[in-house]
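Both chains are given apart, each in its own frame, so use the hints to dock them into the complex.
In order, the protein sequences belong to chains A and B.
Just so you know, my numbering puts 418 at position 49 of the first sequence, and the rest follows in order with no gaps.
Just so you know, my numbering puts 106 at position 41 of the second sequence, and the rest follows in order with no gaps.
It is possible that part of the hints are untrue.
To be verified - Restraint-style ranges between C-beta atoms, simulated for each label pair:
#1 Ser978(A) with Ser152(B): 26 to 36 Å
#2 Val128(B) with Phe979(A): 19 to 29 Å
#3 Ser978(A) with Val143(B): 20 to 30 Å
#4 Ser152(B) with Tyr975(A): 18 to 28 Å
#5 Ser120(B) with Arg966(A): 43 to 53 Å
As the list claims (entries may be wrong) - Residues from chain A that keep clear of chain B, each with C-beta distances beyond 12 Å, as calculated:
#6 Phe389
#7 Ala442
#8 Gly481
#9 Ala750
#10 Leu799
#11 Ala827
#12 His828
#13 His831
#14 Ala858
#15 Met873
#16 Asp896
#17 Ala924
#18 Leu930
#19 Val950
#20 Thr953
#21 Gly992
Derived from the structure by calculation, the hints contain no laboratory data.
Heads up, the beta-carbon is just placed ideally off N, CA and C, and yes, glycines get one too.
Below are the chains, spelled out letter by letter.
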Amino acid sequence: MTPTTLLRWIILLPAAGVLFHVFLGRRATAAVKVVGPGLVGAAFAVAVAAGLRLRALPEGGLLRDHLYTWIVAGPFRAEAALRLDALSAVMALVVTGVGFLIHVYSVGYMHGDRGFARYFAYLNLFTTAMLILVLADNLPLLFVGWEGVGLCSYLLIGFWYEKTENAAAGKKAFLVNRIGDAGFLLGLFLLAWTLGRHGVWTLDVAAIERHLDVLRTETVGGWPVPLVVGLLLFVGATGKSAQIPLYVWLPDAMAGPTPVSALIHAATMVTAGVYMIARLHAVYALAPAALTVVAVVGAATALFAAVIATAQTDIKRVLAYSTVSQLGYMFLGLGVGATGAAIFHLVTHAFFKALLFLGAGSVIHGLGGEQDMRRMGGLRARLPVTFWTMTAAALAIAGVPPLSGFFSKDEILSSAFAGRHEVLGVVGLLAAALTAYYTGRLVCLTFLGESRVSPEAAHHLHESPPVMTVPLALLAVGAVAGGFLPVPALLGHTGEGGPPLALMALATGLAAAGLWLAYQLYVVRPDLPETIAARLGGFYGLVRDKFRVDELYDALVVRPLFAAADVGARGIDPKLIDGVVNGTGVLVAATSGVWRRLQTGNVQHYALSFLIGALLLLGYYVGR
Amino acid sequence: MPPTAPLTWYLGLSAVLFAIGAIGVLVRRNVIVIFMAIELMLNAVNLTFVALARSLGSMDGQVIVFFVMTVAAAEAAVGLAIIIALSRNGETMNADELVTLRW
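Bound conformation, chain B alone (with noise of 0.2 Å):
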């Protein structure tokens, strides 16, 4: 068995890749960076997930990541489709600029 890193090391880095994400989602102002953000968190979580499983030598959480990567790409899709639909109609792609959602 060729040797591996410790799982402290995969769950640190799961970490620091969803803290970029996280901080990209609230930080950044064009919505495609924002979508982009959202799928490094996903992938982070994703990478829990399969690190995890190898450690416990259980199927349960690399089952989950497929689930999570089907999600993942439908969320694309209409994300994709939002931000496609935004720029035909000649808004910005500034999110801070986006507040029509308000009463």
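Just chain A, with the same shape it has in the complex (with noise of 0.2 Å):
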């Protein structure tokens, strides 16, 4: 463990960024066109050389940045202390690098917009919570983080909040996130009463590693403490990074800026979850039934948005499940143990996703707001370098080789076999053939085939300013050669070598499979589509409204909550409450009008009770 002062900028150039928007932003908008994308950047150069010092320690090194003694409660201590190690490095410098060209992005894709200044603030201070999150040394520091992205994700999913559904999207982000919160706390709770039965008063994460052994072996009703503490973060992670039951929120949050989307997306705040679980992966080896739990929960979430992804028609909602899919990816290799192919999926997803999301945000700005991919097509001659980019990252996405997700979904697959979870591998399997099938229909509505765009928009449709397009080709560079980063290698995942060649024959055809039907149903028999959607029927209908869901957790949850309100506020509220109000009101009214009676009002009264009283003071003191 080798101490630093390094680290701590990490955090502060983007805290800095915050302060500057907030007091001096609104004044000086340009100012925070540079401030808002150099901070972060000047974060990830930071990043880059905290990355390069800890290469140069030996194998299994970290640096660590103690700031400040943060809590001190009884026995129990929490420090302000920083890590790095190589699974923070990792994401330290996916959530700056990607995080910095997102930001150069907003400045293109918010010109002009009347909160630009505030959605900078907003963009920094989730960086810096991201990256509170991504360091901290301990749990308690970690949850600071975990909360910090909430709040933001709140803020920036409802940034345009004179919208009435913007406002409702950010605040069902925050309230599916505290649920996924309160379950991680109770995590915690249970984690340090545990671990302080035995003397061990702190939630440090290497402090949990060395004292594993206390936990292997303690019980709470009749549990063991492994299998409850995995369950309940998991059930925080399930929260933050959207899955079943909690994903509902996360599509969502596209009423946000579409570089929000990005940014949430991608390089921040989903991948929360996954980092989490990768960060406490020695105390989910002590509980193999948690990890099959996340391992399955992982494989589900990722067909079954990858299902709900094949239908939808606005570019971003099949985006949003296309991420719910692809986090899923993330918690079946997590719950399959291979760690490094979970983190690895996640830096290749990070370069993919921002892509998408970014150039989706390109095709709506060239269309002035258009988000209905029925009323695009056509796209590829007037926007080419959003076109070429977006196409990059499909075929990143879709695993098509030598691109980078077709190295880290072959990772997760093979590790799933190789774990002797067939079935979940064969599920797997076939959300990446659904993946390629649903990017490619992405890529085909909007770029290829006949335009369906509207006249007025087709006038002004144009292709994106340089600051937006550099942006995509960077981040293109990164889904394109993501793969041979030795990210596996880097978290000592032990691979042998490689995937297996039948896997990844076999994974590389579906993937063609997929964008073959794709490109089949979409460019070169368009009116296919329909006709089969017809004969599916109420399949597809089903399909179409996301497996209606969210109206099942209305019915389930909203309503009886609502219905709950309602007797507290027309019932119990001005019946009981009101009545004890009114009623001591009405008491002292009723016994006041005997007293009142003294008051007459007449100065000879009043005259006479102070001679009394004189008297009777002075027949005190002469008579003792």
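Okay, structure coming up:
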């Protein structure tokens, strides 16, 4: 463990940006354009420097930056300390690197918006919170970042709060995340309590890893502690990382500006749950059952969300469900014990998903706000940079070799098969085929075929300015070549010489089939999809309506809650609470009616009582 | 030294004057008369102070009398102002009817 003071600057630089935008931003919009992305870029540079210093250390070394002692509560201590090991270094580089490109892109995308400075304040705060989460040395500090990204997602999803549905989407994201956070907190309490009973009053990651023996034999209510802790923390992860059953907030999160979606889906926020479980993989290793739950939920989410994505017509909604599905892959990887592969997929996903969202933003920008793919088509010639970069991202996510998604996805799938989780592996393969299909569909509907653009949108149609297209190009490089990054090796993942050839061939075949099918259906025979949809009838409607999960939650949770609140608001509050308050008033008025008669208003009566009082006092002192 | 009346006579006179003033405050109805009765009470007390000061050979009592006279002058000014305001508004001078200082 090497002490350093370098790590704090990774967090402090974007945090300084927040202060700048809040206090000076409104008056100095031109400066915001430089400061907002610039500080994140500087944080990236610091992260690179720190990463190089980490690499110079021997295997398994880590950098630690101790700022101050944060909490001292009885024997419990929590330090405000940051740590940089291989895992957090990878994450910090992704957050600052991809985040920086998204910041630059935002300068173009948000140009002329009334809330320009406010937007960058939130964006920098988002980056700051995610960096705290990633670099935290202990779980309480991680939780600060965890809540911070939750807050920022709320602020940014509801950025254009004048529209009610945007504000509602922000609220939904916040509330759904709160459910997960409650589980996360309970997990932390149980962990702290169990360790504390054995005299370990800290939640340092290193300390937890040193005292795993303590956890191994402990039980709570007849259940082994690692299992309960693992499941509770996973509840938090399902909220933050949008897994079944708490994924519902993420598709609505596209209400925010498009670069925000890119930030949430790629660099910050949703990767938090994946990172947290990777960080605590030592604890999860004690509870194979918890890992199985993680893997099953991940695989189920991967397939479920991919199915939904095939029938969406809103370009951002397709991408949102795609993120949910890809996060499912990451959890599948974590669940089968392939932490390195999961983080690898997180990194490649950050590249191509950021690129897909920013590309979609460029399309929407060019079309003056149009998001419905049924009114796009044939944009290839008019938006060449966007088309080529997005195609690269689509091929990467579809798993076409040798692009980045191919490597990371196959790593996860081969780990699943190697770990004797054949069913989960097959589910993952199916989801991979669907992924290829829906991304192919997205590209075909948007860029190829006949133009279905409305005339006035076609009139204004333009390629985005360089400030937007350059980040696209840089991300495209990452999406194409990201697969050659030695991420699993850095994280100590020991694959047996990579995925087996047969699996690679099968996955590639499935990806090709999915893409081919999409091309056939949406470019060659554009009349076919409707026929097929009609043939499928009710099932198609169910998929298009996202399996009506929102409606289910509405009926099961939201409406009962509203009904209960209604009882309180219309029954208990006006009758019981107001009754008590008003009753007190009435009682006082009634009793005071008697005593009030003493106050005649006649001065002479008062003077008489004066005199009597004076005489009494006199009598008392004289007669004593 | 010329012969002087004994202290008790002074105190007796003072008590009588004070009692007359107090009864006047309590039983008379005209606010001006009540006002004059208050002045009478104040001066009864003054007499006590002066008599005792003389008897005890201390200046303290006499000093206090000057303070009482000052306060009495201020009180007279304020009291008369109130009474004039009352009469200007055409209200009664009868203390029994001046009962608006009531809820």
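To see whether the hints hold, each was checked on the structure:
| no. | hint | in the structure |
| --- | --- | --- |
| 1 | Ser978(A) with Ser152(B): 26 to 36 Å | holds, 28 Å |
| 2 | Val128(B) with Phe979(A): 19 to 29 Å | holds, 26 Å |
| 3 | Ser978(A) with Val143(B): 20 to 30 Å | holds, 22 Å |
| 4 | Ser152(B) with Tyr975(A): 18 to 28 Å | holds, 22 Å |
| 5 | Ser120(B) with Arg966(A): 43 to 53 Å | holds, 47 Å |
| 6 | Phe389 | holds, 60 Å |
| 7 | Ala442 | holds, 55 Å |
| 8 | Gly481 | holds, 64 Å |
| 9 | Ala750 | holds, 87 Å |
| 10 | Leu799 | holds, 83 Å |
| 11 | Ala827 | holds, 79 Å |
| 12 | His828 | holds, 77 Å |
| 13 | His831 | holds, 77 Å |
| 14 | Ala858 | holds, 88 Å |
| 15 | Met873 | holds, 94 Å |
| 16 | Asp896 | holds, 88 Å |
| 17 | Ala924 | holds, 57 Å |
| 18 | Leu930 | holds, 48 Å |
| 19 | Val950 | holds, 23 Å |
| 20 | Thr953 | holds, 19 Å |
| 21 | Gly992 | holds, 18 Å |
Every hint, counting from the list given before, is met by this structure.
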